[in-house]
Amino acid sequence: MLTAAIETLSLVKRYGSALALDGLSMTVPRGEIFGFLGPNGAGKTTAVKLLLGLAKPTAGEGAVLGAPFGDLQTRRRIGYLPELFRYQDWLSAREVLALHCALLGVARADRDQEIQQALTAVGLAARADHRVGGFSKGMQQRLGLGVALLGRPELVILDEPTSALDPVGRHDAREIILAIKRRGATVFLNSHLLTEVEKVCDRVAIVDRGRILQVGRLDELLHGEVVRVRFASAPTEAVKTLLAQYGNAVQKDGWLMLSGVGVERIPDLVERLVHTGARIQAVEQSRSTLEERFLEVLEEDG
Amino acid sequence: MHALTIASLTLLEAVRRRLAITVGILTLIIVALTSWGFYKLATLAGPSGHPLSRVELLGATSFFVIFIAYGFSVILAVGASLLAAPSIAGDIESGIAHAILPRPIRRSELLMGKWLGMSVLLVGFSAIVGAVELTIVAWITGYIPPHPAAAIAFLAAEAIVMLSLTLMCSTRFSAITAGAIALVLFGLAWISGFVGMIGTQFHNRSILNVTTAISLVLPTDGMWRSAVYNLEPAAVVAAARANVGDSVRNVGPFTEAEPPPPAFIIWTGCWTVAILVLAVWSFNRRDL
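Protein chains in written order, with our numbering: chain Y, 1 to 302; chain F, 1001 to 1288.
Just so you know, the hints here were simulated from the structure itself, not pulled from any lab data. For clarity, every value in this text was computed on a predicted model and none was experimentally measured. By construction, the Cβ of each residue, glycine as well, lies at the ideal position given by its N, Cα and C atoms. This list has only true hints and no planted wrong ones.
One-sided and incomplete, this derived list gives chain Y residues near chain F with beta-carbon spacing under 8 Å:
1) 72
2) 75
3) 76
4) 80
5) 85
6) 86
7) 100
8) 104
Produce the entire structure from the sequences given, and follow the hints as far as they go.
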């Protein structure tokens, strides 16, 4: 049986007195698109660096494609787009790809085809022989995606792959990510662009202060419906006590939001709220977005 | 194998960033100016009102060749540091290292590839400039130093010593700090060479011990002196030997009475290997 694409157990990373990872444990199954979400400074990029062997964990252990972090041979099977990166700006896009083909050990006979495929996939075929120094940030990110696709990797780690892309670029990047999954590979997507993540990910982990707060399939994590209630005056203690019976209520933009309340329970909820004397202005029912769930999880964590 | 890929990338960078062409043009200017100087030396009237005699011309030329070689050795040493200081540190700061190192390449291969590429640049530059300058000097004045190839080799070796030291610093410190450390140590070794002459004159054992220790810690000044010895005509060496403690010894870093001891040359080789091993160890332990 194949091992998981990524497995970590109680990873700790300290930089001096700063704790970047605080016991990170997760399993990324093969063949899925895994979203790794968190606010700035949550430890997302640190985690990626440990997975790739760019930094060493202070404690804990793990495996990538069944091998220890940074294993030389395993790196052939991993594609990576770093968050803060630069390619040699005095090389052309084609030369950057050729360099990475050489480092990957792609057979010389296959290199031209491999490079052309990557250039076409990321929409850079027309600029293939232009120097990278003249590329916009978005084009550099496209090139980065192309580099990550070389050698048909089993695992593609993308650290904020769409941060510099325009809407067309984001759409293209989504298609590329979905195509990677279609050929059976795993994608580890590190991002804070939640709408992007929501559109492609099968499974999501929400991370903050170096540990995972919640992890699960996207549909489980969003757990269905959300009810929003707007009150004409500030909710009383009685209202809050009542709402607590239905779940954790989160206040946002003047609305109180309750997750996981089925449609059939809404009339009952409204009736009981009115009974407490609450003056209700509006009640809405919608599917919770990843952003709402994300904020909710972070808020719960305090 | 990957080291060769990185070495050729380093050479390509020197061409693409116009380093090679710029240095080439500047070198041509220096060679043209010095050639003009030697031409004047060969044709102008000396203190007696007549052109210099053949013996006077050869003597003066031999000294000027050493002065020019001295300037060239400083350019090489500083140039080696300027090349090496941003090589690892700059790649880490810019994020190039983060794109390259997740590939199946060892950090030692990246480091040695860069070292190899820059060594080729420095040795090639030394060989071309040395050969062109000495050929022109021979053509104008008829003077050929006793061991020109050995002298050029020692100048290139001095540059490689500086390259290795700066590269090691570049694995730990920022580019500017790595360059500063290497150049300060280079200056220290140079000053120590001067102080060593005072030690020789006053037969002071403790001064000599300290300067010997410094020349072992950073063998750049020793490499320079080895180059000087190979540029000196036999008569100058004989005079230097005959006048230990006398004026010839006082000329400064431009005269050397003794050939480099083989043990020192072996030491310098071992030193370079040790510094590179240390550089790899330091780079391997660094979090990116």
